[in-house]
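Number of protein chains: 2
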Amino acid sequence: MTTDTALTAEQILIAAEEVLRRFGPAKATVVDVARELGVSHSSVYRHFPSKAALREAVTQRWLDQAHFELKAISEDSGTASERLQHWLSTLFAAKRKKALDDPELFATYLVLAEENSAVVDAHIETLVKQLAEIFQDGVERKEFKPAHILSTARAVFDATAPFHDPVFAATWSEPTADERFKAVWKLVLGGLKAK
Amino acid sequence: MTTDTALTAEQILIAAEEVLRRFGPAKATVVDVARELGVSHSSVYRHFPSKAALREAVTQRWLDQAHFELKAISEDSGTASERLQHWLSTLFAAKRKKALDDPELFATYLVLAEENSAVVDAHIETLVKQLAEIFQDGVERKEFKPAHILSTARAVFDATAPFHDPVFAATWSEPTADERFKAVWKLVLGGLKAK
Numbered sequence: 001m002t003t004d005t006a007l008t009a010e011q012i013l014i015a016a017e018e019v020l021r022r023f024g025p026a027k028a029t030v031v032d033v034a035r036e037l038g039v040s041h042s043s044v045y046r047h048f049p050s051k052a053a054l055r056e057a058v059t060q061r062w063l064d065q066a067h068f069e070l071k072a073i074s075e076d077s078g079t080a081s082e083r084l085q086h087w088l089s090t091l092f093a094a095k096r097k098k099a100l101d102d103p104e105l106f107a108t109y110l111v112l113a114e115e116n117s118a119v120v121d122a123h124i125e126t127l128v129k130q131l132a133e134i135f136q137d138g139v140e141r142k143e144f145k146p147a148h149i150l151s152t153a154r155a156v157f158d159a160t161a162p163f164h165d166p167v168f169a170a171t172w173s174e175p176t177a178d179e180r181f182k183a184v185w186k187l188v189l190g191g192l193k194a195k
Numbered sequence: 001m002t003t004d005t006a007l008t009a010e011q012i013l014i015a016a017e018e019v020l021r022r023f024g025p026a027k028a029t030v031v032d033v034a035r036e037l038g039v040s041h042s043s044v045y046r047h048f049p050s051k052a053a054l055r056e057a058v059t060q061r062w063l064d065q066a067h068f069e070l071k072a073i074s075e076d077s078g079t080a081s082e083r084l085q086h087w088l089s090t091l092f093a094a095k096r097k098k099a100l101d102d103p104e105l106f107a108t109y110l111v112l113a114e115e116n117s118a119v120v121d122a123h124i125e126t127l128v129k130q131l132a133e134i135f136q137d138g139v140e141r142k143e144f145k146p147a148h149i150l151s152t153a154r155a156v157f158d159a160t161a162p163f164h165d166p167v168f169a170a171t172w173s174e175p176t177a178d179e180r181f182k183a184v185w186k187l188v189l190g191g192l193k194a195k
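Residue numbers (UniProt numbering), protein chains in the order written: chain A, 1 to 195; chain B, 1 to 195.
Since the hints were derived computationally from the structure, they do not count as laboratory data.
Among the hints, erroneous ones may be present.
Below, in silico cross-link-like pairs of lysine-lysine (DSS-like), each with a Cα-Cα straight-line distance of 30 Å or less [said to hold, decoys possible]: (1) B/Lys186 to A/Lys182; (2) A/Lys186 to B/Lys186; (3) B/Lys186 to B/Lys51.
Residues from chain A shown here face chain B by an in silico Cβ test under 8 Å; the list is partial [unchecked claim]: (4) Lys51; (5) Ala53; (6) Ile149; (7) Ser151; (8) Thr152; (9) Ala155; (10) Val156; (11) Asp158; (12) Ala159; (13) Val167; (14) Pro175; (15) Ala177; (16) Glu179; (17) Ala183; (18) Val188; (19) Gly190.
Chain A side only, calculated, beta carbon under 8 Å to chain B, not exhaustive [unchecked claim]: (20) Arg22; (21) Val184; (22) Gly191; (23) Lys193; (24) Ala194.
Please read these numbers as outputs of a predicted model, since none were measured by experiment.
Built from N, CA and C at the ideal position, the CB exists for glycine as well.
Throw the hints in and build the complete structure from the sequences for me.
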C-alpha cells in the first residue's frame, strides 16, 4: 500500500510493468495499476494524463535501462576498437538476456514498442550517437579510417541488427549465434580500419 | 478451364498464389484452387498430397524466383567486389519491389514463410552459398583478405539483413534507405578487403 501523497512516477512505472506482465498489453488498465499500488486511479492520472502516456513512459523506462551501461562503456578508457567491441557485445548480451529470461515480458514490450515508435526512434538515435562518439574518437586516434561519422555509426548499428533488433530474438538462443556475432564484428572492425 | 490430364504442378502453383492473394492465407483452401482451375480437388491432390504440401511448394516457388537472377550475377564476369555489390543491391531491389508493389501478397508470403521455416532456411543457405562463391573467388584473385569462407559469407548476409530480411520491409520506403544501404556496403567491402 502506497500513500497517495508519496506516490512517485517511478513507483507507478514499476507497478505498470508488473500489471503488464500479469495481464498482458491488451488487457492491462490504469485501474489495474492503481489497484496494484492501493491508490485511486486519479492519483495515477496526476502523473500520467492518459493510459497512452503511461504506456509510453513504461516503454521509455525499459529502453533507457540499456543506455546507462552502454554510455559508460562508450566513455571508457581503452582503444576505440576495444570499446566498440565491448559496447556491441554488451548490447547483444543485454537484449538476449531480456528476451530469454522473461519471454512474456519481452513480447509485451514488443507490443509497447510498436505502439510508441517515436520513443523507439529516439532510443536508436541515442545508441547511434554513442557509436558515433566511439567512432569519432577512433578516427582521432588514427585507429579508424576517416569517414562520415553519423552515417558510419548508423552502418555499424544496421550491420549488427541481427544481434540487437528484437525481431531476431528467436535466433539468439541458437548455438551459432555467438559465432555469427563474432564474424560480423570482425567484418565491421575490418571495415572501420580499412585504408 | 484446364483439362484434368494436362494439369501441371506449375499451373496449380500459379492458381494457388492467385487464390492466396484473393482470400488471404487464413481462408484459402484447396477447393478454391481447384475451382480457380476448373478441376476437381482430387486433381490438385494428385500433385500435392495435402494443403500443407501445396503451401510449402508455393513458398518454395516464391523464394526460388530470387535465386536465378542472383546465381547469374554470382557467376558474372567482373571483379568479385563488383559482383558482390551487384548481387546485394539486386537482392535488396527485388525484395523491396515485392514488398512495395504488392504489400498484401507480400504479407501473405510472410505468413507462408513462417509456416515453412525449413524452406526459408534452405533458401538462406542457397543465398549464403552464392555469396561464399563470390567471396572465395575474391580471395583467389587477392581482392579480399583470406578468411573462413562460409562464416564470412554468412557475416555478409547477416550484416546486410536490414536490406533483405522481410521483417524490415516497412523501412524500405524511407528516403534514407539507399544511403543506409550504401554505408553498410562500404563497411562490408572494407571489412572483406582489410589486411
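Going through the hints against the structure:
The hinted pair formed by B/Lys186 and A/Lys182 meets the criterion: a straight-line CA distance of about 19 Å does not exceed 30 Å. Restraint check for A/Lys186 and B/Lys186: the C-alpha separation of about 15 Å stays at or below 30 Å, so the hint holds. Restraint check for B/Lys186 and B/Lys51: the C-alpha separation of about 45 Å exceeds 30 Å, so the hint is violated. Against a cut-off of 8 Å between C-beta atoms, the interface hint on A/Lys51 is violated, since the closest Cβ of chain B lies about 25 Å away.
Look at A/Ala53: its Cβ only gets to about 25 Å from chain B, farther than 8 Å, so that hint breaks. About 11 Å separates the beta-carbon of A/Ile149 from the nearest beta-carbon of chain B, more than 8 Å, and the hint is not met. Given the 8 Å rule on beta carbons, the hint for A/Ser151 holds: about 5 Å separates it from the nearest Cβ of chain B. This hint holds: A/Thr152 has a C-beta 6 Å from the nearest C-beta of chain B, less than the 8 Å allowed.
A distance limit of 8 Å between C-beta atoms decides the matter here; for A/Ala155 the minimum to chain B is near 4 Å, and the interface restraint holds. Nearest Cβ of chain B to the Cβ of A/Val156: about 7 Å, under the 8 Å cut. The hint holds. The criterion of a C-beta within 8 Å of any C-beta in chain B is met by A/Asp158, whose closest approach is roughly 5 Å, and the hint holds. Nearest Cβ of chain B to the Cβ of A/Ala159: about 4 Å, under the 8 Å cut. The hint holds.
Checking A/Val167 against chain B by beta carbon gives a least distance of about 4 Å; that is within 8 Å, so the hint holds. The interface hint given for A/Pro175 is violated, since its Cβ lies 14 Å from the closest Cβ of chain B, which is over the 8 Å cut-off. Taking 8 Å as the C-beta cut-off, the interface hint given for A/Ala177 is violated, the closest approach to chain B being about 10 Å. Contact between A/Glu179 and chain B, as hinted, is supported at the beta carbon level, the nearest pair being about 7 Å apart and thus within 8 Å.
Annotation: A/Ala183 was flagged as interfacial toward chain B, and the flag holds, the nearest CB pair being 4 Å apart, inside 8 Å. Below 8 Å, beta-carbon pairs count as interface contacts, and A/Val188 has one with chain B at about 6 Å; its hint therefore holds. With a cut of 8 Å, the hint placing A/Gly190 at the interface with chain B holds, because the nearest CB-to-CB distance is about 3 Å. For A/Arg22, the interface hint is violated, since its Cβ never comes within 8 Å of a Cβ in chain B; the closest pair sits about 28 Å apart.
Evaluation of the A/Val184 hint against chain B yields a held restraint, the C-beta minimum of about 5 Å falling below 8 Å. Residue-level restraint check for A/Gly191 holds (minimum Cβ-Cβ distance to chain B is 4 Å; threshold 8 Å). The closest approach between the C-beta of A/Lys193 and any C-beta of chain B is roughly 6 Å, which is under the 8 Å cut-off, so the hint is satisfied. The interface hint given for A/Ala194 holds, since its Cβ lies 3 Å from the closest Cβ of chain B, which is under the 8 Å cut-off.
Violated hints for the displayed structure, listed by number in ascending order: 3, 4, 5, 6, 14, 15, 20.
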